[in-house]
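Based on the sequences and whatever the hints tell you, model everything.
Residue numbers (my numbering), protein chains in the order written: chain U, 1 to 487; chain X, 488 to 917.
Please note that a few of the clues may not be correct.
Below, simulated DSS-like cross-link-like pairs (lysine-lysine); rule was C-alpha separation at most 30 Å, straight line [what the hints assert, rightly or not]: (1) U:K300 to U:K173; (2) U:K435 to U:K373; (3) X:K850 to U:K479; (4) U:K435 to X:K844; (5) U:K373 to U:K358; (6) X:K762 to U:K173; (7) X:K760 to X:K799; (8) X:K844 to U:K172; (9) X:K760 to U:K33; (10) U:K300 to U:K358; (11) U:K300 to X:K525; (12) X:K762 to X:K844; (13) X:K762 to X:K799; (14) U:K479 to X:K799; (15) U:K300 to U:K373; (16) U:K453 to U:K479; (17) X:K710 to X:K760; (18) X:K701 to X:K760; (19) X:K850 to X:K701; (20) U:K358 to X:K844; (21) X:K799 to X:K701; (22) U:K479 to X:K760; (23) X:K762 to X:K850; (24) U:K435 to U:K358; (25) U:K33 to X:K844; (26) U:K172 to U:K33; (27) X:K844 to X:K710.
In short, the hints are calculated from the structure, not lab data.
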Amino acid sequence: MTVIRKVRPHPSQNEALLFELSSPGKSGYQLPKLDVPAVDPVEALGSANVRQEIPDFVEVSEVDVIRHFTRLSTWNYAIDLGLYPLGSCTMKYNPRVNEAVARTEGLTWIHPYQPDQSAQGAFAILDALERALAEITGMDAVTLQPAAGAHGELTGILMVRAALEARGNPRKKVLIPDSAHGTNPASVRMAGYEVLNVASNERGMLDVETLARTVDESVAAIMITNPNTLGVFEARIAEVARIMHARGALVYMDGANMNALAGISRPGDYGVDLMHLNLHKTFSTPHGGGGPGSGPVAVKQPLEPFLPLPRIQRTPSGWSWNYDRPQSVGRVRAFYGNFGVLVRALAYIMAHGGDGLKRATLDALLNANYLRKLLEPHYEIAYHAPSMHECVFRHEATGAIAKRLIDYGFHPYTVSFPLIVHGAMMIEPTETESKQELDGFAEALIAIARELKETPELVLTAPHTTRTAKVDEVAAARKPVLKWRRP
Amino acid sequence: MLDTIFDTPAGAATLEDLYAHLPQEVQFHGPLTLPPGKSEYEIVDYFRARGAENANQHANFLGAGVYHHYRPVLVDAVVSRGEFLTSYTPYQAEISQGTLTAIFEFQTMICQLTGMDVANASMYDGSTAMTEAAMMALRITGRNAVAVARTVHPEYRDVLRTYTRHQAVRIQEFEYDPETGQVDLASLEQALDASTGAVVIQSPNFFGVVENAKQIADMARGKGALLVFLFTEAVSLGLLEPPRDADIVAGELQSFAIAPSYGGPFAGVLACKEKYVRQMPGRLVGETRDAAGHRAFCLTLAAREQHIRREKATSNICTNQALIALMATVFMALYGKQGLRELAEQNLAKAHYLGGKLWRRFKGPYFNEFVAATGPRSPEEIDRRLRELHILGGLALDRFYPELNNSVLLCCTEMAARPDMDAVAEAFGA
Numbered sequence: 001m002t003v004i005r006k007v008r009p010h011p012s013q014n015e016a017l018l019f020e021l022s023s024p025g026k027s028g029y030q031l032p033k034l035d036v037p038a039v040d041p042v043e044a045l046g047s048a049n050v051r052q053e054i055p056d057f058v059e060v061s062e063v064d065v066i067r068h069f070t071r072l073s074t075w076n077y078a079i080d081l082g083l084y085p086l087g088s089c090t091m092k093y094n095p096r097v098n099e100a101v102a103r104t105e106g107l108t109w110i111h112p113y114q115p116d117q118s119a120q121g122a123f124a125i126l127d128a129l130e131r132a133l134a135e136i137t138g139m140d141a142v143t144l145q146p147a148a149g150a151h152g153e154l155t156g157i158l159m160v161r162a163a164l165e166a167r168g169n170p171r172k173k174v175l176i177p178d179s180a181h182g183t184n185p186a187s188v189r190m191a192g193y194e195v196l197n198v199a200s201n202e203r204g205m206l207d208v209e210t211l212a213r214t215v216d217e218s219v220a221a222i223m224i225t226n227p228n229t230l231g232v233f234e235a236r237i238a239e240v241a242r243i244m245h246a247r248g249a250l251v252y253m254d255g256a257n258m259n260a261l262a263g264i265s266r267p268g269d270y271g272v273d274l275m276h277l278n279l280h281k282t283f284s285t286p287h288g289g290g291g292p293g294s295g296p297v298a299v300k301q302p303l304e305p306f307l308p309l310p311r312i313q314r315t316p317s318g319w320s321w322n323y324d325r326p327q328s329v330g331r332v333r334a335f336y337g338n339f340g341v342l343v344r345a346l347a348y349i350m351a352h353g354g355d356g357l358k359r360a361t362l363d364a365l366l367n368a369n370y371l372r373k374l375l376e377p378h379y380e381i382a383y384h385a386p387s388m389h390e391c392v393f394r395h396e397a398t399g400a401i402a403k404r405l406i407d408y409g410f411h412p413y414t415v416s417f418p419l420i421v422h423g424a425m426m427i428e429p430t431e432t433e434s435k436q437e438l439d440g441f442a443e444a445l446i447a448i449a450r451e452l453k454e455t456p457e458l459v460l461t462a463p464h465t466t467r468t469a470k471v472d473e474v475a476a477a478r479k480p481v482l483k484w485r486r487p
Numbered sequence: 488m489l490d491t492i493f494d495t496p497a498g499a500a501t502l503e504d505l506y507a508h509l510p511q512e513v514q515f516h517g518p519l520t521l522p523p524g525k526s527e528y529e530i531v532d533y534f535r536a537r538g539a540e541n542a543n544q545h546a547n548f549l550g551a552g553v554y555h556h557y558r559p560v561l562v563d564a565v566v567s568r569g570e571f572l573t574s575y576t577p578y579q580a581e582i583s584q585g586t587l588t589a590i591f592e593f594q595t596m597i598c599q600l601t602g603m604d605v606a607n608a609s610m611y612d613g614s615t616a617m618t619e620a621a622m623m624a625l626r627i628t629g630r631n632a633v634a635v636a637r638t639v640h641p642e643y644r645d646v647l648r649t650y651t652r653h654q655a656v657r658i659q660e661f662e663y664d665p666e667t668g669q670v671d672l673a674s675l676e677q678a679l680d681a682s683t684g685a686v687v688i689q690s691p692n693f694f695g696v697v698e699n700a701k702q703i704a705d706m707a708r709g710k711g712a713l714l715v716f717l718f719t720e721a722v723s724l725g726l727l728e729p730p731r732d733a734d735i736v737a738g739e740l741q742s743f744a745i746a747p748s749y750g751g752p753f754a755g756v757l758a759c760k761e762k763y764v765r766q767m768p769g770r771l772v773g774e775t776r777d778a779a780g781h782r783a784f785c786l787t788l789a790a791r792e793q794h795i796r797r798e799k800a801t802s803n804i805c806t807n808q809a810l811i812a813l814m815a816t817v818f819m820a821l822y823g824k825q826g827l828r829e830l831a832e833q834n835l836a837k838a839h840y841l842g843g844k845l846w847r848r849f850k851g852p853y854f855n856e857f858v859a860a861t862g863p864r865s866p867e868e869i870d871r872r873l874r875e876l877h878i879l880g881g882l883a884l885d886r887f888y889p890e891l892n893n894s895v896l897l898c899c900t901e902m903a904a905r906p907d908m909d910a911v912a913e914a915f916g917a
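This is the structure in structure tokens:
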């Protein structure tokens, strides 16, 4: 095989770090002339409180800054460049109108402590979004405070605990299927519960008979992702709920995969007591390279008193914050939630309406099942159960195939997750991909399957076409270098 | 596509067939009761109308954890680039070097500002960062009590209580000196015992007063506890001595070009001494090489995190605030060494201009916030007068500190104009 040598002569491919671009005295800011007398810092604060200059801090011009970050940006893959089929991540198109409205002057500059009367427009947005999410999930009340999915999980499990405590016994354990995302067990521990793992059956679903034998008076709740991380709908979820409820336990649903359900199935209608949503997945707010997210929690009426502080309330004189809720689990963060993300999610819901949300769901199912059909002759499907919005294949070389996909211009699928599938290839195309994009992706994966037989080295040493060749992650962890130091 | 999926003749299958396998009892048949889908124009119009219902174009003297700083236009120019905006967490290092490099620069700048050895890639906000810092200190010390100053942001302390309620953790608050507004060292001494694993202070504190971190660190260390140092006003780091004496620093970066946006999204951050890095939650980016020998970056030390360690992880955090941290990074790059200093000095000058006109409740040194005592007029009356002038006054403190009635927390950033500050002084009756 030919070895492709990395040549990157242009500066945009060799951009240095900001610290290396710096020269003394350079700057990119302008401040107005001070309109009050200057104050001597040492006099005002005492010499012990005033710092010397910040060693090695950045000194660059405005042009340096825009060029630096623009160059860095070209080293990223993004939804705006193409299919991003990370399973359970729901990388759909992020509509630009959402960005525009989130930057509305009267929304960006509201201070959380300005008088409630002077923030009525913000309350109206929060109320509209709470009601929409309740309708979509079939729930009765919603908190918009959690900053991300895992934060929502913690909030939800704290509510489970508060509700059971109010009944007299918080119990000890929370059941979690072995296919669950790692945040589930971590959140459960933070709420002071033990984690009890439940094995999936040969169809990739919860084993309801085993579950029925497992649930006793020590079990507080089950935390169930639906559709699960195999993209399979837990068909017996209503039965699971009946079993749990009969033993005084609650059902928490991880709504990370709500993109498979909006408009066709409402968890609140079949026994789910509470669930979180990821607005940065189902409701199209951008991931931004890792955040911000938003993880609202929707609950049935009996859990409403336990929602975190504060709650919006409507009074004769208008909207205001209500802090007088003695059974609440308390505050889970400062202020009221990732408001700017909430604005974007409401814009998405408004653009779609009820019919549009359902259509988006059906298109997500269509795209996932279409890809599955194209790939099944070439890759081994992990479970034969019907797929919802994502499908999971398996292959020994999942990591290498993922890297080789990059050479074909696509972002890889989710690699090696869920953990219960050895060599997992978890593919979620979302509804916003065209047939052309899906066909191209399938052709790439099929070509790679052929390469694995004919020229395996080509696959095992991928990627070959990227600016950065294969990154040595082992070396990074062995001897961590976590910041720049002057050489 | 449907015909491919179902192996049916053209047009035989419908989209509804895609979920026909779901049991009837879980299918939703009715239409969702939501307003019909709207056009782009109608959506823009709706949010513009809601924005107009909020106080707009006001001079703003509110601080208390959210600060009214100018946002350089370059910040949105960078974070609006689709390559940053619409990318996922940089797990695939080869095609995520843009995000990874920027985070590495962010981590470096936070270390330079705070005097710590290591900083993570961001937390949800300052309140959860502080809470995670306290829990991290308990893991390191193997102890179960947190001593937290009453001068720490009240909502942050609420979050600490919520998170630790079921962790068998004791929260012990200690008092402030009513003269200086700083930590009351005698009260701190009483709060400390052999079970104290973390001492949490904020500086400048909730009253805007600069704490004596060195002395508090010595007291904490004397009892075998770690000092968790919190900042909510990041601009202060341009001028104030960095918290080198702390073991863990938690912060809120909203001041670095992040719009107030009714309280979020912001970006929290955690920084600590090198030896504690393996107990630190959140993502970390490290430097390495690619196969061609070039410098490259990747996420590292993931063995701390939930996707590997599950219930034994340092925290459940997964999604963080990457794009918001990028805003802060661009801001820091633009202002740089000299600009951050000048910005902080302007804040100091403005606050001391207004502070000099009012009766300040506390004598301790202050940066850009202070507590003013009201005179003949009540805080409500002052607020009402200022609202007529399109000015949002300060925060009446009795909602958090019942003993501080007739006290208003005021903040003056570089955006505070002299005529508005004069108007505030006049409204107070000064």
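Each hint tested on the structure:
Proposed proximity of U:K300 and U:K173 is supported: the alpha carbons are some 21 Å apart, at most 30 Å. For the given pair, U:K435 sits about 13 Å from U:K373 by alpha-carbon distance, which is consistent with the 30 Å threshold. Distance hint between X:K850 and U:K479 is unfulfilled; the C-alpha atoms sit about 48 Å from each other, more than 30 Å. For the hint pairing U:K435 with X:K844, the CA-to-CA distance comes to about 68 Å; that exceeds 30 Å, so the pair is violated.
Pair hint U:K373 plus U:K358 holds up; C-alpha atoms about 22 Å apart against a cutoff of 30 Å. As the CA atoms of X:K762 and U:K173 are separated by approximately 34 Å, the hinted pair breaks the 30 Å bound. Of the supplied pair hints, the one linking X:K760 and X:K799 holds, its CA atoms being roughly 22 Å apart against a limit of 30 Å. Between the alpha carbons of X:K844 and U:K172 the distance comes to roughly 58 Å, so the proposed pair goes past 30 Å and is violated.
A hinted pair counts as satisfied when its Cα atoms are at most 30 Å apart, and X:K760 with U:K33 does not qualify at roughly 39 Å. Distance check on the hinted pair: U:K300 and U:K358 sit about 22 Å apart at the alpha-carbon level, within 30 Å; holds. For the given pair, U:K300 sits about 29 Å from X:K525 by alpha-carbon distance, which is consistent with the 30 Å threshold. A distance of roughly 47 Å separates the Cα atoms of X:K762 and X:K844; the hinted pair therefore is violated under the 30 Å criterion.
For the suggested pair X:K762 and X:K799, the alpha carbons sit about 20 Å apart, so the restraint of at most 30 Å is met. Simply put, U:K479 and X:K799 have alpha-carbon atoms about 23 Å apart, close enough for the 30 Å limit, and the pair holds. For the hint linking U:K300 to U:K373, the alpha-carbon distance of about 38 Å lies beyond 30 Å, and the restraint is violated. Between U:K453 and U:K479 the alpha-carbon distance is near 36 Å, which puts this suggested pair outside the 30 Å criterion.
The straight-line distance between the Cα atoms of X:K710 and X:K760 is roughly 19 Å, inside the 30 Å bound, and the hint therefore holds. Note on X:K701 and X:K760: the hinted pairing holds, with a Cα-Cα distance of about 16 Å set against a maximum of 30 Å. A hinted pair counts as satisfied when its Cα atoms are at most 30 Å apart, and X:K850 with X:K701 qualifies at roughly 19 Å. Between U:K358 and X:K844 the alpha-carbon distance is near 60 Å, which puts this suggested pair outside the 30 Å criterion.
Annotation: proposed proximity of X:K799 to X:K701 is violated, straight-line Cα distance about 34 Å (limit 30 Å). This hinted pair checks out: U:K479 and X:K760 have alpha carbons roughly 16 Å apart, not beyond 30 Å. Annotation: proposed proximity of X:K762 to X:K850 is violated, straight-line Cα distance about 37 Å (limit 30 Å). Distance restraint check for U:K435 and U:K358: the Cα-Cα separation of roughly 19 Å lies within the 30 Å cut-off, and the hinted pair is therefore satisfied.
As the CA atoms of U:K33 and X:K844 are separated by approximately 21 Å, the hinted pair is consistent with the 30 Å bound. Between U:K172 and U:K33 the alpha-carbon distance is near 62 Å, which puts this suggested pair outside the 30 Å criterion. At roughly 42 Å between alpha-carbon atoms, X:K844 and X:K710 are farther apart than 30 Å, so this suggested pair is violated.
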